[in-house]
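A.B. asks: This is what each chain is made of:
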Amino acid sequence: MTDQLPLDGTGAEPSLDPDLPGPFPVGRYADRLKEFLRGRPKVLVTGEMTGFRRSRVQAFFELRDSQGALPCSIWNSDLDRLGLDPQLLTDGAEVVIGGGLDYYPGSATATPSFNFRATHLRLAGDGDLMARLKALREELRRDGLFEPQKLLARPMLPKTIGVVTARGSAACQDLLAGLERRGWRGTIVWADAPVQDRRAAPRIASALRGLAELEQVEVAVVCRGGGSLADLWAFCDENLCRTVALLRLPVISAVGHEVDRTLIDDVSAVCCSTPTHAAEELVRVDVRAARSELGVAAMRAQRAGAASIRSRGRRLGELAAGPARSVRTERVRLHQKLREVRAAAGRGLATRQDLAGRHSLVISRKGEASAKPADALARLGTFESAIRGHDPQRVLERGYARVESLHGEAVTSAAAAREASEVSVRFADEAVHARIEEDERDE
Amino acid sequence: MSEAAPTPDRTYESAVGRLEEIIARLDSGEAELRETLALCGEAKDLIVFCRDELAEVSGALTELGLDELVAGLESREA
Chain A
0 MTDQLPLDGT
10 GAEPSLDPDL
20 PGPFPVGRYA
30 DRLKEFLRGR
40 PKVLVTGEMT
50 GFRRSRVQAF
60 FELRDSQGAL
70 PCSIWNSDLD
80 RLGLDPQLLT
90 DGAEVVIGGG
100 LDYYPGSATA
110 TPSFNFRATH
120 LRLAGDGDLM
130 ARLKALREEL
140 RRDGLFEPQK
150 LLARPMLPKT
160 IGVVTARGSA
170 ACQDLLAGLE
180 RRGWRGTIVW
190 ADAPVQDRRA
200 APRIASALRG
210 LAELEQVEVA
220 VVCRGGGSLA
230 DLWAFCDENL
240 CRTVALLRLP
250 VISAVGHEVD
260 RTLIDDVSAV
270 CCSTPTHAAE
280 ELVRVDVRAA
290 RSELGVAAMR
300 AQRAGAASIR
310 SRGRRLGELA
320 AGPARSVRTE
330 RVRLHQKLRE
340 VRAAAGRGLA
350 TRQDLAGRHS
360 LVISRKGEAS
370 AKPADALARL
380 GTFESAIRGH
390 DPQRVLERGY
400 ARVESLHGEA
410 VTSAAAAREA
420 SEVSVRFADE
430 AVHARIEEDE
440 RDE
Chain B
0 MSEAAPTPDR
10 TYESAVGRLE
20 EIIARLDSGE
30 AELRETLALC
40 GEAKDLIVFC
50 RDELAEVSGA
60 LTELGLDELV
70 AGLESREA
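For the protein sequence lines, the chains are A and B, in the order given. Counting along the first sequence from 1, when you hit position 83 you're at 82 in numbering that gives the first Met the number 0, and nothing is skipped either side. Counting along the second sequence from 1, when you hit position 54 you're at 53 in numbering that gives the first Met the number 0, and nothing is skipped either side.
This list has only true hints and no planted wrong ones.
Estimated spans, in silico, between C-beta atoms of each pair:
| hint | chain 1 | residue 1 | chain 2 | residue 2 | range |
| --- | --- | --- | --- | --- | --- |
| 1 | A | Asp-125 | B | Ala-59 | 38 to 46 Å |
| 2 | A | Ser-205 | B | Ala-59 | 27 to 35 Å |
| 3 | A | Asn-75 | B | Ala-59 | 52 to 60 Å |
| 4 | A | Val-25 | B | Gly-71 | 55 to 63 Å |
| 5 | A | Asp-125 | B | Gly-71 | 39 to 47 Å |
| 6 | A | Pro-147 | B | Glu-67 | 24 to 32 Å |
| 7 | B | Gly-71 | A | Pro-193 | 23 to 31 Å |
| 8 | B | Glu-67 | A | Glu-34 | 55 to 63 Å |
| 9 | B | Gly-58 | A | Ala-320 | 51 to 59 Å |
| 10 | B | Gly-71 | A | Asp-142 | 33 to 41 Å |
| 11 | A | Ala-305 | B | Gly-58 | 27 to 35 Å |
| 12 | A | Ser-54 | B | Gly-58 | 55 to 63 Å |
| 13 | B | Glu-34 | A | Ala-288 | 25 to 33 Å |
| 14 | B | Gly-71 | A | Arg-287 | 29 to 37 Å |
By construction, these hints were calculated from the structure, which means they are not laboratory data. For glycine and all other residues, C-beta sits at the position ideal for the given N, C-alpha and C.
Input sequences plus hints: build the corresponding full structure.
C.D. replies: Right under this line is the structure:
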């Protein structure tokens with residue numbers, strides 16, 4: 000640019016100024032600057048419109064996004080030619096403008112200004128938004144911001160939940176109805192925030208930060224009804240998404256949409272398409288069902304425990320009854336044996352009686368067949384005399400003696416007597432003790 | 000019914016998970032008598048805990064504004 004300005008330093012007085020070209024008269028410099036900027040190529044720029052206002056001849060606004068802003072203007076004649084509905088040109092509207100840089104050099108009494116002079120303006124279409132969304136999504140993904148929220152522990156049965164929404168909205172009512180259907184009646188902390196326009200994103204981020212600072216809030220939801228991607232553009236705000244991603248409070252995104260995901264969906268812990276679905280994710284336990292399930296579980300635990308103890312009791316009873324049963328069995332067996340013994344004894348007696356009877360019969364028959372009783376008695380007397388003749392006592396009475404050892408054994412030789420040394424000499428009336436001593440003279 | 004022992008790390012989901020494990024173990028019939036008695040005691044404790052947790056979110060819905068909650072906390076701290 001400098002080579003197009005009068006930089007030859009003509010007329011400049013030597014001074015102590017830095018070694019720079021000039022000084023140039025400001026009006027002339029400003030005029031050349033205007034020419035320079037107007038000579039820049041015309042481009043299309045897209046962003047969020049804010050501060051739109053019309054003056055008598057032109058309209059002013061700013062175009063912003065998360066990384067910068069541009070002061071813009073458009074002649075009323077150009078704007079009218081476009082035939083746009085003025086209602087759409089509000090804060091937060093995503094627009095595409097075509098034009099180039101402009102500079103009003105001002106004057107001795109007028110303030111100079113710089114802006115982007117738009118000659119064309121239209122609302123951003125889905126294609127424009129999708130292109131920006133894609134680029135932002137890729138950037139957040141590269142920065143690893145899709146994962147942190149998904150790694151946070153989320154309670155199944157929170158007692159306190161935070162809700163960021165516009166109070167009284169249909170989405171808000173749907174969320175409450177969803178919670179009621181699950182029988183959940185804990186504590187809701189409402190963090191009101193606009194959910195559409197350019198101020199929505201920072202307010203939503205601020206509300207979430209506020210909820211995250213409260214220890215008792217266990218999970219939060221950002222809730223809004225459906226809309227087009229342009230309506231939901233606040234939920235694609237880069238700063239909001241970075242805030243959500245780095246919060247330690249689990250955040251559920253419940254920004255109703257049918258097709259396109261907003262960026263907050265990507266960075267939040269869970270993405271829900273409806274407030275009803277969000278209620279189910281906020282409180283994953285159906286409280287009513289859980290109460291009855293708990294009753295069933297209590298019953299099952301009690302029954303299982305009781306059954307386990309009962310079965311062991313039965314086993315213990317069986318074991319305890321074992322000895323008694325064995326005694327009983329043995330007693331039965333013993334009685335049986337006794338009966339068998341009695342029966343056998345009866346049978347044996349009968350057999351013997353029968354045999355004795357038969358012997359008696361035989362003897363009596365033989366007796367009848369033998370000699371008469373007187374003859375038998377005579378014969379018995381003869382036998383008795385013969386036997387008495389051999390009785391040792393009769394021998395002893397006749398003067399003989401019997402020599403026995405002290406153990407009562409008969410000593411029948413002199414050698415045996417010497418060996419015994421002491422003997423008993425039995426006479427007819429009694430025995431006397433004797434010691435065997437031999438006279439040397441006899442030898 | 001006895002009160003549940005305070006266990007700071009216990010959550011409803013962990014309590015329900017443990018309860019299911021206990022019931023499965025009791026149903027299996029493999030637990031010895033002493034273990035059975037211990038499991039029954041633990042199950043009772045868990046059931047009381049879960050019952051209390053459910054009771055806490057079964058009363059009346061409480062709605063607070065973030066601003067008023069923060070203001071309340073700040074005044075309490077002051």
